[in-house]
Amino acid sequence: MSHALVMFLGFIAVTLWITWWAARKSAGASAFFAAGRSLKAWQNGIAVAGDYMSAASFLGIAGIIAFQGYDGFMYSVGWLVAYLTVLLIVAEPLRNAGKYTMADVLAYRLSPRPVRAMGALSTLTVSTFYMIAQMVGAGALVSLLLKGTGITYQTAVVGIGVLMIVYVVFGGMLATTWVQIVKAVLLMAGTILLSILVLGHFGFSFGAFFEAIGEVTYTNAQGNPVTQDFMTPGLRYAPPYGALDLISLGMALIFGTAGLPHILVRFYTVPDAQTARKSVVWAMLIIGTFYILTTFLGFGAATIVGRDFIAANGGNNMSAPLLAQALGGNLFFAFISAIAFATILAVVAGLTISASTSFAHDFWTNVLHGGRERREGEEVRVARVAAFFVGGISILIAIVLGPTANVAFLVALAFAVAASANLPVIVLSLFWRRFNTAGAVCGLATGLVSSLVLIAMSPSILRADAIFPLENPGIVSIPLGFLGAVLGTLLTREPQAEQKFTELSVRANTGLGAERASSH
Amino acid sequence: MTRDVDWERLAATAEFKALLKAKAKFVVPATIFFILYYFSLPLLVGYAPQLMARKVFGVINVAYLFALSQFLMAWIVAWLYVRAAARFDRMARDVVEKGSR
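If you read the protein sequences in the order shown, they are chains A and B.
Every letter in the first sequence is one number past the one before it in the numbering used here, and letter 496, counting from 1, is 496.
Here the numbering used here = 1-based position in the second sequence + 520.
Careful, some of the hints might be misleading.
List of simulated lysine-lysine pairs, BS3-like, C-alpha gap at most 27 angstroms [what the hints assert, rightly or not]: (1) B/Lys-575 x A/Lys-40; (2) B/Lys-537 x A/Lys-40; (3) B/Lys-537 x B/Lys-618; (4) B/Lys-541 x B/Lys-618; (5) A/Lys-500 x B/Lys-575; (6) A/Lys-278 x A/Lys-99; (7) A/Lys-278 x B/Lys-545; (8) A/Lys-278 x B/Lys-575; (9) B/Lys-575 x A/Lys-99; (10) A/Lys-40 x A/Lys-25; (11) B/Lys-541 x A/Lys-500; (12) A/Lys-147 x A/Lys-500; (13) B/Lys-541 x A/Lys-278; (14) B/Lys-618 x A/Lys-25; (15) A/Lys-147 x B/Lys-545; (16) B/Lys-618 x A/Lys-500; (17) A/Lys-25 x B/Lys-537; (18) B/Lys-543 x B/Lys-618; (19) B/Lys-543 x A/Lys-500; (20) A/Lys-99 x A/Lys-500.
Everything labelled a hint here was simulated from the structure, so no lab data went into it.
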């Protein structure tokens, strides 16, 4: 048995133990959906980081830097800066005014049925697209990392799917949280260790390291060797649309992160808004450190392993694991692979719980059954069943698409929908008295549809025949989402929503009447 | 318990109005600043590539230093916000106390 497989099994054992522990400990809706709202700031902060830093960050960004240098590093900046939107605008009011989901904040003063139905639709869209992207990537990656053990793409997808369902169904938010914490700690440990080894390779001389970045040699598409300064911007985002695409992507990150349902639900797991605030700061410290260290991961892979070798051994997603192999041998390769595996599992578990929470709380209880549970514990039961379906459907789609499907655009799509549909209505419902139900429904619909349509017309789908030239629709769809929300509002009047704004505003700003921690 | 709160009366108090004003005074300029600072990175890289490719020392260029400074910027804005928010918390407590009287 390979080292990697042993470490994968070790991680699975630890997470199953966590699930068993969480299942024994938690009872009731607030325990299942929000870990009893009793997490400490550092716990939730690390979990936010674990929920957020996906394989796309760990393996993807290292790969982009290894192949295209500086542009990849510039790309990584937005993932941290986005948290300022979460910190300054969304986290605290959301914690004060909501209960389990993003739509809670909208339903507070707007007509609950339509906004919850649309909110649930948007949440399920974002979560499923993001999940399918993770699952396809994960399946391909795991079968590559465990090469020689006979584990195929299908086995890997089913395995990951079953594990995430088990965490969520049996352990709820508490188990999901601790899986994310363990993952974030492992990811940071692995990244720091790898960075030190990279520096060590250059005799702990920053000068020697950066000098090597200045002359990276690889074979170009024509088969000729080229030496290039990898610190030069523009190797990925080239004219005519490169800069515009990057700005569009930046907009999706900066405005989309604060609209990602699986990130937002994490702020319900702490006792109050102050703790939510502190947990964002914890998350920012970890996330920022991680993305700064991608300098070593990415440029390290470019200089020590080299583009040609990575391209011949699994492609750019393998940059970080291959770097680990070059510097620390098979055992370290196995460790970094296990971290990639943990990273994937923690993220898909977070997506599963946020999707099933939204289905149970927004759609089942509030849209279908007028806001009341018909039997005690119904909401949690429905969420568990929903987790089965969400997981099962994702497994099926990932298997049908197969390991070679191009799924990177699904991540762009998830962020675009979060930024264009969710964020405008969250911000307007918190800060604009005149905002109303028609505006929310209109904004959510415009943001959702315009993101989908623009991606469908983009080079990601239509290749050379693209009607819309950018891969990231944010620069058009985000203004459209806001416009839809504003127009829908101005064309109708809803005195009740305006009247209840006062209550929402006092509550969001003071924490008066906010949901309390249930256990301890 | 919260059903008895007179939200309208609380919202009308001088304390609550002062809280909203103090928050806006920090959050609005801070948000505008970080958005401008962040988007000037892709804008400059896209439209002033020569300036960004200029070497500062060794191979380290303006573009890399500017990207690195974004991390510092985010942490500093977060730190300033946490400091300011301690004041908002005190002001919010005053509002709540007034409500329970």
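Going through the hints against the structure:
| no. | hint | verdict |
| --- | --- | --- |
| 1 | B/Lys-575 x A/Lys-40 | violated, 45 angstroms |
| 2 | B/Lys-537 x A/Lys-40 | violated, 31 angstroms |
| 3 | B/Lys-537 x B/Lys-618 | holds, 13 angstroms |
| 4 | B/Lys-541 x B/Lys-618 | holds, 18 angstroms |
| 5 | A/Lys-500 x B/Lys-575 | violated, 57 angstroms |
| 6 | A/Lys-278 x A/Lys-99 | holds, 19 angstroms |
| 7 | A/Lys-278 x B/Lys-545 | holds, 21 angstroms |
| 8 | A/Lys-278 x B/Lys-575 | violated, 38 angstroms |
| 9 | B/Lys-575 x A/Lys-99 | violated, 51 angstroms |
| 10 | A/Lys-40 x A/Lys-25 | holds, 17 angstroms |
| 11 | B/Lys-541 x A/Lys-500 | holds, 20 angstroms |
| 12 | A/Lys-147 x A/Lys-500 | violated, 59 angstroms |
| 13 | B/Lys-541 x A/Lys-278 | holds, 22 angstroms |
| 14 | B/Lys-618 x A/Lys-25 | violated, 39 angstroms |
| 15 | A/Lys-147 x B/Lys-545 | violated, 57 angstroms |
| 16 | B/Lys-618 x A/Lys-500 | holds, 20 angstroms |
| 17 | A/Lys-25 x B/Lys-537 | violated, 43 angstroms |
| 18 | B/Lys-543 x B/Lys-618 | holds, 19 angstroms |
| 19 | B/Lys-543 x A/Lys-500 | holds, 21 angstroms |
| 20 | A/Lys-99 x A/Lys-500 | holds, 17 angstroms |
Going down the numbered hints, you'll see the structure goes against 1, 2, 5, 8, 9, 12, 14, 15 and 17, while the others check out.
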